[in-house]
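Residue numbers (the numbering used here), protein chains in the order written: chain S, 1 to 402; chain Z, 1 to 402.
Treat the hints with care, as some may be off.
It does not matter which identical chain is used: a pair holds within one copy or between any two.
Claimed, not checked - Below, in silico cross-link-like pairs of lysine-lysine (DSBU-like), each with a Cα-Cα straight-line distance of 35 angstroms or less:
hint	residue 1	residue 2
1	Lys181	Lys388
2	Lys9	Lys200
3	Lys178	Lys392
4	Lys160	Lys289
5	Lys123	Lys159
6	Lys159	Lys289
7	Lys160	Lys286
8	Lys89	Lys200
9	Lys123	Lys6
10	Lys160	Lys239
11	Lys200	Lys160
12	Lys200	Lys178
13	Lys18	Lys392
14	Lys392	Lys89
15	Lys239	Lys89
16	Lys181	Lys286
17	Lys89	Lys160
18	Lys123	Lys89
19	Lys181	Lys159
Calculated from the structure, these hints are not laboratory results.
Protein chains: 2
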Amino acid sequence: MGEFLKVVKYNEALQKIKEHFPAGQIEDIPLLEAFNRVCAGVVISPEPLPAFDRTTVDGYAVNAEDTFGSSESLPAFLDLVGEIQMGVKADVAIQPGQCCWIPTGGMLPEGSNAAVMVEYTEKLGEDTVLIYRPAGPWENVMQKGEDIADGQEVFLPGKKMRPQDIGLLASLGLTSLKAFKPYNIGILSTGDEIISVEDKPQIGQVRDVNSYALATAVQACGSNPRIYPIVNDQFEDLKKAVTRGLEDNDVLLMSGGSSVGIKDVTIDVLLSYPDSELLFHGIAVKPGKPTLAVRIGKQLVVGLPGHPVSALMMFYIVCAPALRFVPAMEIEAFMSMNLPSQAGRDDFVPVRLVYENDRRIAIPLLGKSGLMSILSQADAYIHIEYEKQGIKQDDMVTAYIF
Amino acid sequence: MGEFLKVVKYNEALQKIKEHFPAGQIEDIPLLEAFNRVCAGVVISPEPLPAFDRTTVDGYAVNAEDTFGSSESLPAFLDLVGEIQMGVKADVAIQPGQCCWIPTGGMLPEGSNAAVMVEYTEKLGEDTVLIYRPAGPWENVMQKGEDIADGQEVFLPGKKMRPQDIGLLASLGLTSLKAFKPYNIGILSTGDEIISVEDKPQIGQVRDVNSYALATAVQACGSNPRIYPIVNDQFEDLKKAVTRGLEDNDVLLMSGGSSVGIKDVTIDVLLSYPDSELLFHGIAVKPGKPTLAVRIGKQLVVGLPGHPVSALMMFYIVCAPALRFVPAMEIEAFMSMNLPSQAGRDDFVPVRLVYENDRRIAIPLLGKSGLMSILSQADAYIHIEYEKQGIKQDDMVTAYIF
């Protein structure tokens, strides 16, 4: 293919990757395995929560109107007609002027619409209760369906499950969840100069950092990485490795060494498959212009830059969204300094976030591109869009925690 | 034990739990399994990164002084004395007035201290290169050890590993990590009225939501939960269950039903072991006052409230810190409204975080305490400290994402 370049804007690249990413499979998983999984359907509540009107205090179930106007000096007198047991259906019904003892969590008896805390009452003999404070309708009561109504939409697709979300589903008696199945993602490092991380590099050799960083990033997106042995830039060897990577996985991520030949050979190999299509070759972004994507049948191969910092950043900005990555947080911050940028290119800049003088500051980590330590110091990255020529000091930016 | 209460402030409770939490074990794990694990030691770099001075551009390695004053109209003339190959030790040394071709990533030859991009040069015949722009010392060079110095402290204990951190360790040739071993945490729901989540509750029965929510929260803290069958409030049954829970695990989390007897029986059972000590019984917090901790030998039992919302909040605020939970983010926000609070109690209030009018707003989710849906709607919680009588609208608060 030689010099053939098909450079696209960041948004187009992202769009093409999303479009050609294999459709996500959906699976039913036990609720106990749902932590950090992403909901794939609309979860509808099968019942109201709570299932009946229940009190939130120990005290007396009353008809609120009977307590109106009551006070310390002029209590309401109510007839005590029974006692609700926890865990038992309320079998008394109260009439105007009556009340009944109810423990926290107890079911409100028919005819009552509020509860008065025992602290604001006094028992007078066996059958009479003095109420010293008025209760509004439904005061100290959690009404049937108040937490979640029957048939309510509880979660929408894309929701990532936290402990409290799993607790909510358990409350509704739901013990499984329709979740997106993790993708299988192959990871293949290429290049004659790439050596295993365990080995001591000779001059000019480079450790295979990408397999580690990308595999972990795939895990961070909730998918399953599979690392393949490093492959050199010989057509036949590379083709064998790509074929295997495609057979085993939904998507193959390659990251190229910086040796002169590898990029061309990679494209030659990828386009040698029937029904293959170069989606783009080059993205107008910093860092990571030399990123490419090829559709092969219904599968996708993304070729990431060889440089570890660029490879990881490009994974985050073009692959993670397709893997349904739910970022921990987006946070607004003020720029600590002017940050120039070239219009006609999307820039992604790692930042540290600090809190100073009552505001959150984003400090760009500039250094020389390519310092892995910089990415490790970063709390987040910011996006300087295609049209912009930079960001001014004190401008607000959105920082994407990663 | 009856009415014996030993109510402590939140800070004391947290302190006691941390103090009596079993010491964390440390294990060596393969780097590829280190995602989201917490570093247990100081990671020291075993070598400099990069290992040699290398260029970040394609161009010519030069002695910077030879280029000073050069311009489009008055280029510097340098003698071309060789070519550096990628992956090969630079075997030429350059003298003043000389230069040599160098590809991106190539090793700087002896005698050179900068690189000039090929775009700002022109080759004149075979042996001469014109330099049109001056290069500062070390321009376009990543110096040996500039990313990470030999012997530098790379990570400190408590650091939670992200893809970029794992990438950095791989760059240094480190293939394993000393990490805190996950704790084994038993989870035991107690109470006659608690039924399995699968079952349809009869009036007064309550689903065992806590086993699901707490097990997931333990996972979120990077530890291993083990759920035990629900146990009733009979002394012998409870003691058998607690004994087994202690045998199998480092720490046992119990959560009590709201039945009258269960709290007393729980304490009786826990204090029936030799060398047991009630650390506290009751914490001056909302929600979750009925929380207790008992040390049994070198183990710890934490009794959480029966109510799922309280149980989960209490887990986050008193157990998660001891489990070395690293929160996703703390974020500052402005209160959307006045929020009164009782002095003499620490309040923890779930909030939604929205971005409006150029600032991050925390909207307290008040509703009736005990709505699981509220915890699920929450992005974070805020802490109103013991001494405070509330927070005013527009006051700044720290929101703990959860």
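Tested hints:
1. In this assembly of identical chains, Lys181 and Lys388 lie within 35 angstroms of each other by CA distance neither inside one copy nor across copies; the values are 38 angstroms within and 47 angstroms between.
2. Taking the closest pair of Cα atoms, Lys9 and Lys200 never come within 35 angstroms of each other, the shortest separation being 38 angstroms inside a single copy and 55 angstroms across copies.
3. With identical chains, the CA atoms of Lys178 and Lys392 are never at most 35 angstroms apart, being 45 angstroms at best within one copy and 42 angstroms at best between copies.
4. Taking the closest pair of Cα atoms, Lys160 and Lys289 come within 35 angstroms of each other both inside a single copy (31 angstroms) and across two copies (30 angstroms).
5. In this assembly of identical chains, Lys123 and Lys159 lie within 35 angstroms of each other by CA distance neither inside one copy nor across copies; the values are 51 angstroms within and 59 angstroms between.
6. For the homomeric pair Lys159 and Lys289, the shortest alpha-carbon distances inside one copy (32 angstroms) and between copies (31 angstroms) are both at most 35 angstroms.
7. For a Cα distance limit of 35 angstroms, the shortest separation of Lys160 from Lys286 qualifies both inside one copy, at 30 angstroms, and across copies, at 27 angstroms.
8. Taking the shortest Cα distances, Lys89 and Lys200 sit within 35 angstroms of each other only across copies (15 angstroms), while inside one copy they are farther apart (73 angstroms).
9. Taking the closest pair of Cα atoms, Lys123 and Lys6 come within 35 angstroms of each other only across two copies (29 angstroms); inside a single copy the shortest separation is 85 angstroms, beyond that limit.
10. Proximity of Lys160 to Lys239 under the C-alpha cut-off of 35 angstroms is found in neither arrangement, the shortest distances being 37 angstroms within a copy and 38 angstroms between copies.
11. Within a single copy, Lys200 and Lys160 get their C-alpha atoms only as close as 41 angstroms, which misses the 35 angstroms cut-off; across copies the closest is 26 angstroms, which meets it.
12. Taking the shortest alpha-carbon separations for Lys200 and Lys178, only the inter-copy value of 21 angstroms comes in at or below 35 angstroms, while the best intra-copy value is 46 angstroms.
13. When the C-alpha separation of Lys18 and Lys392 is checked against a cutoff of 35 angstroms, the pair qualifies only within one copy, where the shortest distance is 32 angstroms, while the shortest distance between copies is 45 angstroms.
14. In this homomeric assembly, Lys392 and Lys89 never come within 35 angstroms of each other (Cα to Cα): the closest approach is 66 angstroms inside a single copy and 43 angstroms across copies.
15. Proximity of Lys239 and Lys89 under a CA criterion of 35 angstroms is satisfied inter-copy only: 31 angstroms between copies versus 71 angstroms inside one chain copy.
16. In this homomeric assembly, Lys181 and Lys286 come within 35 angstroms of each other (Cα to Cα) only inside a single copy, at 32 angstroms, whereas the closest approach across copies is 39 angstroms.
17. Taking the closest pair of Cα atoms, Lys89 and Lys160 never come within 35 angstroms of each other, the shortest separation being 37 angstroms inside a single copy and 50 angstroms across copies.
18. Taking the shortest Cα distances, Lys123 and Lys89 sit within 35 angstroms of each other inside one copy (24 angstroms), while across copies they are farther apart (95 angstroms).
19. Taking the closest pair of Cα atoms, Lys181 and Lys159 come within 35 angstroms of each other both inside a single copy (14 angstroms) and across two copies (30 angstroms).
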